Amino acid sequence: MKKKTNTLLILALIVGLAFHGSAIFFTLESTYDALIHLFFADHYASSWFDPWEYRWYTGFTVQSYPPLVHQLIGILSYIGGLKFGMYTVALIAIVLFITGAYRYTLLMTGSRRIAGYGAVMAVFSSTFVETLHIFGQLPSISALSILLHSMTEIYLWIKTGKTRYFITSATMLAVTVTSHHVTPLFGMVFFIAPLMGMAVMDAAREKVASYKALTFKIFWGTTLQHFWRIAKFGGTAIFLLVFCIFPYWYNSKRNPITQVAIPHGSRDNFLEITSSGLVFFIIPWGVFLFILPYFFYRYFSKRYVFFGLSFTLLTILGTGGTTPIPRMMLGEMAFNILTLDRFTLWATIMALPIFAEFAYRMVEGDLKILIQEKFGGVYHRVLGGLIAGGMLFMVIFTMTLGYFRPSQPAKIKMQPIVNFLGADSHDSWRYLPLGFGDQMAWLSAQTRAMTVDGNYHSARRLPELTTRAIERIENSKFRGVEGIGSLQQFLTVPEKYNLKYIFSNDKFYDPILYYCGWQRLQQLENGIMVWEKLNVAPIPQIMPKQDVPTIMKLMWGIIPLSTVLIAIFVNIQMIWVRLLKSRKVPVHAFMKLELPYNKFSSKLLTISHWWALVVLVCMGYGMYIFYVKNVTQLSPNNVIESYYDALDFKEFSRAHSYIDPEENINIAQYMLEVSVTDGILSSYAKLDSLGIEIYDETENSAKAKVATRWITPLENVFNNEFYELVKRKNKWYVKSLKVDNDIPPDQLFTANGTTYYNHGRRKITTQETYHEDVLKQPVLEILSAKLVKYKGQYSIIGELQNVDNTPADIVIKATLYNDDNKELANYNAKHQIKHKLMPKETTTFKINFEGIAWSSTKDTLPPTFDPDQFTPISFEQQPTKFNLQSAGNTANTDLYKHVALQGLEYTEQGFNGVLFNSGVQEVTIPQLIISYYDENSELLWVDHKFVTEGVRIQRKQFFNYTPLDLNNLKIINSSLENCFVNGSPNKAIADKLFPNRKLVHGKQQTQPFKGKGYEYIKFEINSYIGNPK
Amino acid sequence: MRNTILIFLGLVLLGCSEKKEEQPTEIYIPQTELISQVKNTIAGDAITFFFKTDAPNETYKLQIKNAYGSVLLKPNTNERENIEFNIPENFTRIAGPFHWKLVLKSEILEEGTHQIATNAQKATYVESYFGPRSITAGRNDFSMLTISPTDAYDNPLNNGTEITVKYQFLENIDELQITTDNFIAWYNVASTLKSGRILVTSECNGTTSKELATIVYPANAVNFSISASSAHTFADGNQIVTFVSDIIKDEYGNTVTNGTLVTFVIKNERNQYLYTVGTTINGVAEAKTLHPDQATTWEVQAFITGAAESNITTFKFKSAVKDYAVHFSKGNRNIDVGPFESFMKQLIPDGLLLQLDIYDANGEFIDTKKTTSKNGVSTIFLGEHFLEDGDYTLKLTAAGITKEFIINIHGETIK
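Heads up: the protein sequence lines correspond to chains C and Z, in order.
Under this note's numbering, the first residue of the first sequence carries the number 1, and numbering increases by one thereafter.
Under this note's numbering, the first residue of the second sequence carries the number 1030, and numbering increases by one thereafter.
Don't take each hint at face value.
What the hints assert, rightly or not - Some chain Z residues near chain C, calculated using beta-carbon distances under 10 Å:
(1) R1122
(2) I1123
(3) D1265
(4) A1337
(5) L1376
(6) D1379
(7) A1390
(8) N1391
(9) F1394
Claimed, not checked - Anything over 12 Å on all C-beta distances counts as not near chain Z; from chain C, calculated:
(10) A18
(11) R205
(12) K217
(13) L309
(14) R461
(15) N498
(16) F508
(17) S562
(18) Q573
(19) A751
(20) E799
(21) L904
(22) F916
(23) N917
(24) H1001
Unchecked claim - Below, computed lysine to aspartate or glutamate pairings styled on DMTMM-like, alpha-carbon distance capped at 25 Å:
(25) C/K776 with Z/D1389
(26) Z/K1296 with C/D943
(27) Z/K1399 with C/E922
(28) C/K368 with C/E662
(29) C/K703 with Z/D1389
(30) C/K496 with C/E724
(31) Z/K1399 with C/E905
(32) C/K735 with Z/D1074
(33) C/K735 with Z/E1204
It should be emphasised that the hints constitute simulated quantities derived from the structure, not laboratory data.
Note that the structure is a prediction, hence the values are computed from the model and not measured.
Even for Gly, the Cβ is constructed at its ideal location relative to N, Cα and C.
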């Protein structure tokens, strides 16, 4: 019989390549992982053998990820660039996956017809679509596809014991190992082990007449017969796993992952967090969910029983945190490191042949006949249509998920950033992108400049990163307090990392940048704002590097591609023969095991129907819950939630629709009122949690106390708002809050001011221009400095003046010492300081020592950093001395000083004050810096408060501030001895520039106020302007 | 044939056999003599060493060493009789001592020192630095001009080289001579009493340096005076009051730098310290703030912290709103306050703050409601779900006038 080409397979390949191959150009670049692989590929393209990569995390080794796919992209990039390489590899992966699924199905069923179905199903399997088009896991897909290919060879080796199968299977396994480490590791357990079981089972079956006659005894005997083959292959597999990526294991041993586990959606309880359930359960399973009973029925038949066990395990592990079983099975440690979605991926891939078999039986087999007999032909067509429609729906739904709910910020044009980094030696400093999503990897791939961040979290090295559960600083706002806390540490002490430039694609971070002393440099033509920090030294010429033995470098550079070459060489004949049918090949043993499929179990059909019903009911219930939660005006709770949701996402017309219609506020008026409120909550906050307390609820009215917690870049803001709610025509509405009617007296204002411009480099030259273009550092004077202890926390407080004639940008760094002059901690002033001072302006400051500031002395190190909570600790090593280093640099921006304190009244609720903006810039976030003094006008403490609403031009803003109780405050050391300005001793400056300082001025400018532990208080104002004009 | 090969191989093997040949140790040292008598040259001039020898065929080497580095030279092969060494250009350009050794097989035959002098005649370059780039007017600040004149090959000129320093301030141009010492010459340009810009330059052997400058900034300010002005003196909480200083100067009569921060501290009758800030332009600082909304007297004093203060100026605000009406309706739940009439009986501009403090019958504080006036009136509605029916004390405060009502709130629900 002449073998015919399998038309279904050809069809699957054509459709698969046309569909996936064209879709990847629109999806792959906005997936989570693809660009990371691209960055790695860029590394190999530029330095093949050196594994050290300086550009991320202040340096890390690429030997922390199997290199094959990266190296392939890297090699191909020489032909048509990195992206060409990536797409080419993706296309190869698609072909490998479809053919792999075909061969795997063929092996499992022994029917070329069903295998053809398997190939078609593989093209449209939602799990593949998700892995490729949403996650972009190229190495994982490639490794899995090769593993599927190798399964036939492994089977034949066990079954026949022919050396050529041993060689082919080993070469393929080597390729798998070098493309992804987890796939072969778990693949051994979940795919290869049951496969071997099946091979032995088949061998045992041949000894007896039927499966019924196949007893355990016979099976055991056959196993022993095949033992050496199994052992030989198992040993080889383990050897390949270790040897092929030996540098990887070496690196894992040397740099064990000690970091805090990062939460991953696949570990969530899918019932609670439905979005995770959708992405990590519903989408990968898709229509397979309805056919689960069939899978189990088939997989627990005698031949497949090992696959059945494996499939069950995978299914359960894939449920993540929904049930406690995966946690118990894997153990706490592994559970928190592994991403469990891959188990679901494997489970669905494992189910493919059985699904193909089901489809075959449904379309042209016994199931068709059974259904037609039982329910009629129409029902069969409808059912088939539903299943096919369901599959198509899942595919389209998955493909468009990224379109409707973008997981990434819009595509950023990188060229302006790359140009900026390349110009004027900007790449002599590190940079940090903010709000770039996974596109940061693409930026990194295009420039030689380095960043402190990175996108491969297993390789993080800085303690600022590894001690928190954040994957990137770049998206720290999505990680709440921890994320912002980590970001703040980088922003406060940037000189530690030579971090000078920040590219901000998310204005959310702007306030914290400003308050940490950064300044806007320019907006690039792609809309990215560049922030810079003054007084940061460039990266030193020689950087630390963790070297590995040359043999490792050679292994890493040579083995992976060699495995591919060897595999192609070994299998080329087989591929040739199979592809062109040039020669007749003997029919493989498993082909004889094709089932006749003549009687579909009627019972199974019934059970499947009931199961489908259960799934439908569950889904219906889920949708109902979704509806009830999301229908906006069903209850007082819902309307408040919806209202806040609309405000959070700035959908003001939706928000307006929840406002009581009888208040007659038209949409234009509402938009106007909303648009004039600016401030940290309306412009820079993310609603973190919403606590709604409904009380005084009647039939048609209710009151709500809404306790909100907002994540802002600066700190958590807790806010309480009181709403009145009314019900009209069965719908609940919110009554709007009153707006301020204040109007300024004049229409047109004039204002004069001094503005500054710094040329930077006056001569156009690529050479260094030394002293000609360097401005003198403005001279500062430290007026007072103290080490104090308050609520168990050590702080340096003080006061500082710009005594020069040019505006100054202030950086101030404090170091703590104990009695033995041992350094304990050092840190910079964060936001409790005015970073920009006009000539002769003063500022009070406070330096807190956050977690990372403390050197390794365990006694003084606070356990964890929480900005809202201080843990008093017992100290064996008391800080008793300090050193202050301040530096001024000429500032020319952010010098807006026109916010006045217009009213101040002390009431039982604290200070009620009024701010007035007398200038012509809108102040988005006013900050109050409050300093406390004793009876001698000596500084005691510095506190701050961010006023949540902005101060508009020529208008007032009210604030309330509750003064502190300072009775427990202890001044440990008050001295100006070790204070330095621009490297010079403070005293010398004071003597020279301010020999006759009028010390009484301090007292004359402070508010006498008899408080708990202090006599005077002073309010200073620092204004952040969101949109400078 | 085979024999031939065997013999040949045997010969080859013999040839490879190990045999140490005794090298006769020659202790013979040839007689050499330096012929070239030049001991001093000027930087840039070619230097050649000639040696006379009785064994011209030996491999002589000349080791030379100076500030440029050290190197082993081969003799010029064209010369047969004598040994001739040409010193590379790089070495001849560096001024200073120049050591040489004539070497034969690690034996030093001759050695000596040659002096290279700076070549000031060819050309002189002047490298100069001036800093700091800004200083303060007065008698104790200065900028230092540092000059390092060099010859064409970047050799510093000899000690005692004369340099002319010129500096200009306003109409004066001063000139003086200084001399180099240890490669450099320096001069402290003292600050002036007037603020301005001092330009300096220097000249050496006819070469002049570029223009360098330092800015003399004014010294610390001295006491100044301020005044306040506004459109009217009524406390309407809407107009803007402006504080202006006179021209603020330092002790030498210089106007303080633009941008100097002046803090205007306002103390009101209730001893509350308010403030507003201004920065100077041409010495004048101007700061603004809003009128208060109740009668009061402001005492204003301005400071340049640590340096100077102003006189205290007082500003009296008369009350703009003398009284207002309060009207209760809808079961005393609706409170209409106003119209607020200002000093000419006009309606007060929008935005006057009205505060309502609510206490229950026992005097327990319940809540505060705030609103602002619109078209001269303010309305507060206390919905029934906000306040139960009952007796309450309501304290209304606006424009500094507080009114207290004990009132029974009842009935009238929202539609």
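Hints breached by this structure: 1, 2, 5, 7, 8, 19, 20, 21, 22, 23, 24, 25, 28, 30, 32 and 33
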